[in-house]
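J.: Sequence:
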Amino acid sequence: MRRQSGFGLLEVMIAFILVAVTAGTLLQLNKVYLEYSRDGRYREVAMRLAESKLDELRGFDNITDYQAIVGSSAPESVQVDDTDYAIEWEVTDYGWDGSAWVTPPPSGVASGKKEIEIAVGWSEPESDEVLLAESVLSPNLSISSGPFGTGSGNAKLGLGGPDVAYTPGEFPMVIPIELGNGMTQETTKPLPDIIKKGQSIEGVRVTFDTFVYDENTQSRVQQDLVTVSCNCQLDGSGTTQLPAQRALAGDYVYWKKGEAAAIAKPKGKVANNDQDPLCVRCCERHFDGSSGEFSNWYDAFKYTANNQPHEHYPSSSDTPVSGTQTYLEACRFIRIDGFFEVAQDWNLIAFNILDDGLFTNVDFAPVYQGYVRSVVVDYIDKQLNKDGDFPGLKDDEVMTLSEYLVSEGVPSSPFSTTDISISPMSRQLMARGVYVDLLSEELRLFLQEKISADSNIEELLNYVPFYEVNLTLLADWLPVDGNKGCSPYPEGGGFDVLCVTSQDIPAKSGNNKDGIYSRGRVSIKSGVASGTARVTANIRRSNSGITSFKEISPFEFSYIRSSYLDIKIGAFGDFSNKSSISSALQCKTYELNVDGEYDIVACSEEQFSSITVSYSGSGGCLITPVVGNLEGFYNCFVDPNAGDVTVTPQYNAGIAKIEFLLSQDNPVSVTGTDPVYVPGPCITVVLNRPDDPEAALPDVCGQ
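Residues 1 to 703 (this note's numbering) are what the sequence shown spells out, left to right.
The hints are simulated quantities; they were obtained by calculation from the structure and are not laboratory data. One or more of the hints may lead you astray.
[To be verified] Keeping only pairs whose Cα atoms sit at most 30 Å apart, straight-line, the calculated DSSO-like set for lysine-lysine is:
#1 550 <-> 267
#2 386 <-> 450
#3 508 <-> 550
#4 267 <-> 394
#5 657 <-> 513
#6 508 <-> 269
#7 508 <-> 189
#8 550 <-> 513
#9 189 <-> 394
#10 394 <-> 450
#11 269 <-> 550
#12 394 <-> 265
#13 550 <-> 265
#14 386 <-> 265
These numbers come from a predicted model, not from an experiment.
From just these sequences and the hints, can you work out the full model?
T.: Structure below.
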């Protein structure tokens with residue numbers, strides 16, 4: 001039989017079955033892959049929607065916008081490629097109670113972070129799907145508490161950090177001092193803040209920063225400085241930390257965190273919990289060590305005065321505390337490695353008051369900058385020559401500004417710093433101080449070696465901590481009335497010519513949070529056409545002078561810096577034939593707080609600049625603006641026999657709601673033939689008061 005090649009029916013059927021099964025499997029796999037691809041697209045879109053919503057919630061510009069972030073009340077619908085997505089989000093507020101994050105925030109504690117949970121849902125043919133995304137928002141990044149950091153025992157040098165652009169401060173409130181090698185240093189305006197419980201003032205915090213920057217205004221070094229006053233209580237002893245001080249690392253000088261005391265020393269604790277959080281460290285640590293070495297001393301002058309650790313005192317007492325008694329304290333803090341550490345005390349070496357109008361003369365700025373460099377160099381030289389003899393250094397003073405001008409042959413006119421002549425008007429004076437830290441033996445030897453190697457002290461300023469600080473709002477001014485002001489004008493007691501403001505630092509209590517006050521503003525007695533009076537300003541040398549709060553020991557009284565300025569009133573200057581109507585000028589607005597209430601706050605300097613004051617008859621008035629916390633005021637110069645003059649404030653910018661409050665009758669009567677000073681109405685400009693019964697009008701100039 002002859003064989004035929006080919007496929008049998010059975011083989012064909014088997015092959016067909018295999019092909020059919022394979023095709024069916026591939027079709028099923030393709031369907032699964034298509035479903036996976038479609039589901040991936042859904043999830044990718046959902047993720048993008050969640051990220052977009054999170055970016056939207058993150059885009060707050062200020063604390064008010066942050067506090068307004070709340071959860072969704074209903075789903076937000078979005079359609080993408082014919083698929084409907086629903087977006088919902090929940091917001092949970094947390095507050096820091098001192099040891100942990102808790103929700104809701106404790107009473108009186110602002111929200112420190114918000115947990116955000118975003119759910120994006122969409123419908124598929126067989127089921128509904130949901131994607132969840134979570135994040136945390138915070139108005140600021142805490143590096144000393146909560147989940148963002150718990151402290152560090154190691155102080156780092158911080159070398160090789162990024163260059164950060166720095167905007168120099170506004171002259172003359174902030175004065176730059178050249179360090180050499182193209183570097184410049186300046187210290188920002190001090191910002192005082194009151195800690196208040198009920199009617200009791202519990203302390204003051206004063207903050208400012210120092211920047212060192214190059215010719216391209218790239219910031220090379222930034223120091224965050226805080227000084228606090230506290231009410232403390234003795235609390236036994238322990239090996240608490242010694243002061244942070246300047247240390248050497250090769251040819252580099254840096255701030256080093258204090259070591260733990262080798263031998264137990266006294267320590268303290270806060271007398272109550274209604275104080276600045278930094279008071280915990282201040283009360284605990286601000287005790288000298290017992291080794292007799294510079295590294296153990298917070299204030300070398302105090303230690304070497306009696307050759308023992310400085311003592312602590314209660315208010316208005318010359319007897320040191322003991323046992324568990326309470327006492328007053330003031331501490332200087334410097335941020336090191338991200339955390340505020342108690343540092344060696346402030347040391348004020350030069351203090352001068354002067355007419356702030358001097359700085360409008362472009363030729364005076366380099367003169368004053370030269371003075372600062374001169375006294376810093378002189379004081380460093382004195383420390384090197386005294387070689388650790390701090391009792392001998394204590395009373396070795398540097399030149400005053402007026403002495404420097406004489407030594408440099410600078411003409412007394414127009415640069416007088418001991419007396420000024422003005423027409424009857426309000427005039428702002430300025431107080432400025434120069435602080436130079438006391439040097440350790442290690443740093444003195446280092447500088448002496450540099451000088452021996454042909455360096456001069458002026459080339460070494462970057463190695464020594466010094467600060468030129470605007471002290472106008474921290475010094476005590478005289479003469480003042482019992483309320484440290486000039487309204488109502490005091491009678492008798494030497495106030496026959498003028499008064500100068502020296503108001504207490506205001507507590508930001510209740511809904512009044514503006515913090516603006518006046519010091520150093522000369523106010524002439526009503527009707528005075530001529531006369532002479534001396535204005536004096538005083539400030540304590542160390543920490544309690546910066547806080548402008550209370551003396552913390554009898555030692556404070558023996559080391560007070562003082563400066564004076566004789567003021568002659570008469571027919572002087574551009575307004576010699578004019579009378580002046582003058583008073584304070586304030587600007588206030590509103591800010592929503594964490595409790596949903598409206599706080600009264602100071603307007604920004606930009607908002608204040610839109611205020612003008614005019615008077616009937618001739619036009620505009622001269623305004624001295626708010627700078628930082630320093631109150632502004634106006635002078636309207638009119639003819640001596642002008643009669644009834646109406647003072648009118650205006651606001652020249654787009655604001656929805658503007659209100660003007662005046663403290664007294666308007667018009668003001670100006671009579672007589674001689675130019676005199678006439679008190680005008682204190683003006684408070686109120687911007688954008690909310691249409692809410694709880695948003696009350698502010699007091700007019702505190703009255």
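J.: Does each hint fit the structure? Answer for all of them.
T.: These are the hints, each one checked on the structure:
Distance check on the hinted pair: residue 550 and residue 267 sit about 21 Å apart at the alpha-carbon level, within 30 Å; holds. For the proposed pair residue 386 and residue 450, the alpha carbon gap of about 17 Å is at most 30 Å, so the pair holds. For a cut-off of 30 Å, the pair hint linking residue 508 to residue 550 stands: about 19 Å separates their Cα positions. Between residue 267 and residue 394, the direct Cα distance comes to roughly 27 Å. Compliance with the 30 Å bound is thereby established for this hinted pair.
At most 30 Å may separate the alpha-carbon atoms for a hinted pair to count; residue 657 and residue 513 meet this at roughly 20 Å. At roughly 25 Å between alpha-carbon atoms, residue 508 and residue 269 fall within 30 Å of each other, so this suggested pair holds. The straight-line distance between the Cα atoms of residue 508 and residue 189 is roughly 19 Å, inside the 30 Å bound, and the hint therefore holds. Of the pairs offered as hints, the one joining residue 550 and residue 513 holds, with about 23 Å between alpha carbons and a cut-off of 30 Å not exceeded.
The suggested pairing of residue 189 with residue 394 holds, with an alpha-carbon distance near 27 Å, which does not exceed 30 Å. Annotation: proposed proximity of residue 394 to residue 450 holds, straight-line Cα distance about 25 Å (limit 30 Å). For the suggested pair residue 269 and residue 550, the alpha carbons sit about 19 Å apart, so the restraint of at most 30 Å is met. For the suggested pair residue 394 and residue 265, the alpha carbons sit about 26 Å apart, so the restraint of at most 30 Å is met.
At roughly 25 Å between alpha-carbon atoms, residue 550 and residue 265 fall within 30 Å of each other, so this suggested pair holds. Between the alpha carbons of residue 386 and residue 265 the distance comes to roughly 29 Å, so the proposed pair stays at or under 30 Å and holds.
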